[in-house]
Amino acid sequence: DGGITQSPKYLFRKEGQNVTLSCEQNLNHDAMYWYRQDPGQGLRLIYYSQIVNDFQKGDIAEGYSVSREKKESFPLTVTSAQKNPTAFYLCASVMGQGNTGELFFGEGSRLTVL
Amino acid sequence: GNSVTQMEGPVTLSEEAFLTINCTYTATGYPSLFWYVQYPGEGLQLLLKATKADDKGSNKGFEATYRKETTSFHLEKGSVQVSDSAVYFCALRGHNDYKLSFGAGTTVTVRA
Numbered sequence: 229d230g231g232i233t234q235s236p237k238y239l240f241r242k243e244g245q246n247v248t249l250s251c252e253q254n255l256n257h258d259a260m261y262w263y264r265q266d267p268g269q270g271l272r273l274i275y276y277s278q279i280v281n282d283f284q285k286g287d288i289a290e291g292y293s294v295s296r297e298k299k300e301s302f303p304l305t306v307t308s309a310q311k312n313p314t315a316f317y318l319c320a321s322v323m324g325q326g327n328t329g330e331l332f333f334g335e336g337s338r339l340t341v342l
Numbered sequence: 109g110n111s112v113t114q115m116e117g118p119v120t121l122s123e124e125a126f127l128t129i130n131c132t133y134t135a136t137g138y139p140s141l142f143w144y145v146q147y148p149g150e151g152l153q154l155l156l157k158a159t160k161a162d163d164k165g166s167n168k169g170f171e172a173t174y175r176k177e178t179t180s181f182h183l184e185k186g187s188v189q190v191s192d193s194a195v196y197f198c199a200l201r202g203h204n205d206y207k208l209s210f211g212a213g214t215t216v217t218v219r220a
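Protein sequences, first through last, are from chains A and B.
Under the numbering used here, think of the first position of the first sequence as 229, with each following residue one higher.
Under the numbering used here, think of the first position of the second sequence as 109, with each following residue one higher.
No wet-lab data here; the hints were simulated from the structure.
One or more of the hints may lead you astray.
Claimed, not checked - Straight-line alpha carbon distances no greater than 27 Å define the calculated DSS-like cross-link-like pairs of lysine-lysine that follow:
| id | chain 1 | residue 1 | chain 2 | residue 2 |
| --- | --- | --- | --- | --- |
| 1 | A | K242 | A | K311 |
| 2 | B | K207 | A | K285 |
| 3 | B | K207 | A | K299 |
| 4 | A | K237 | A | K285 |
| 5 | A | K237 | B | K207 |
| 6 | A | K285 | A | K298 |
| 7 | A | K299 | A | K285 |
| 8 | B | K207 | A | K298 |
| 9 | B | K207 | B | K164 |
| 10 | B | K207 | A | K311 |
| 11 | B | K207 | B | K176 |
Based on the provided sequences and hints, a complete structural model is requested.
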């Protein structure tokens, strides 16, 4: 079945450590996204990528980094510079340009900083 | 820029009650509008969508109509079930825009 796979589902990190969240899709989608969700809040865009080897900052990119070396993969690194990294992280993808396409989401990764 | 404002929760209902969640938007041009649902501990699932004015999206008994004159996309269901307990997000995707803008989400709890 086609879909988006995020891993790990749960991750614990000590302060000062970098962690990388994986996102893989087999939908042949062009664009991929990372969102952050905090309790009681909506989703905030961290980074997005429209094509391989290209990505743009979203609204809250500080303290995060991404890469897009393959169409299927869009990993997110939460660096030690991110001051409040405990959150639920959602990866999404969409077919291509055009405003009718909905985003497909993974199941999410919950990061907790100890 | 584009933005979405949706009714604050939480909303608590009894089974078979009528549900309405208000959603209004600000955007230039002709955006597409979406309702997503999130069950506890899971990602978001598309519930329904509408891509042009006066379109009605529907799924699983839920409906929403794209009203350009009032810039609204209110979600309704005539008779809710306990299994409808979730967080509901209204979202907008601008014309030729890769990004999706979300409302803050509305938590709905349905009691038996």
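For each hint, the structure was consulted:
no.: 1; hint: K242(A) with K311(A); in the structure: holds, 12 Å
no.: 2; hint: K207(B) with K285(A); in the structure: holds, 11 Å
no.: 3; hint: K207(B) with K299(A); in the structure: holds, 18 Å
no.: 4; hint: K237(A) with K285(A); in the structure: holds, 24 Å
no.: 5; hint: K237(A) with K207(B); in the structure: holds, 24 Å
no.: 6; hint: K285(A) with K298(A); in the structure: holds, 18 Å
no.: 7; hint: K299(A) with K285(A); in the structure: holds, 18 Å
no.: 8; hint: K207(B) with K298(A); in the structure: holds, 20 Å
no.: 9; hint: K207(B) with K164(B); in the structure: holds, 22 Å
no.: 10; hint: K207(B) with K311(A); in the structure: holds, 25 Å
no.: 11; hint: K207(B) with K176(B); in the structure: holds, 20 Å
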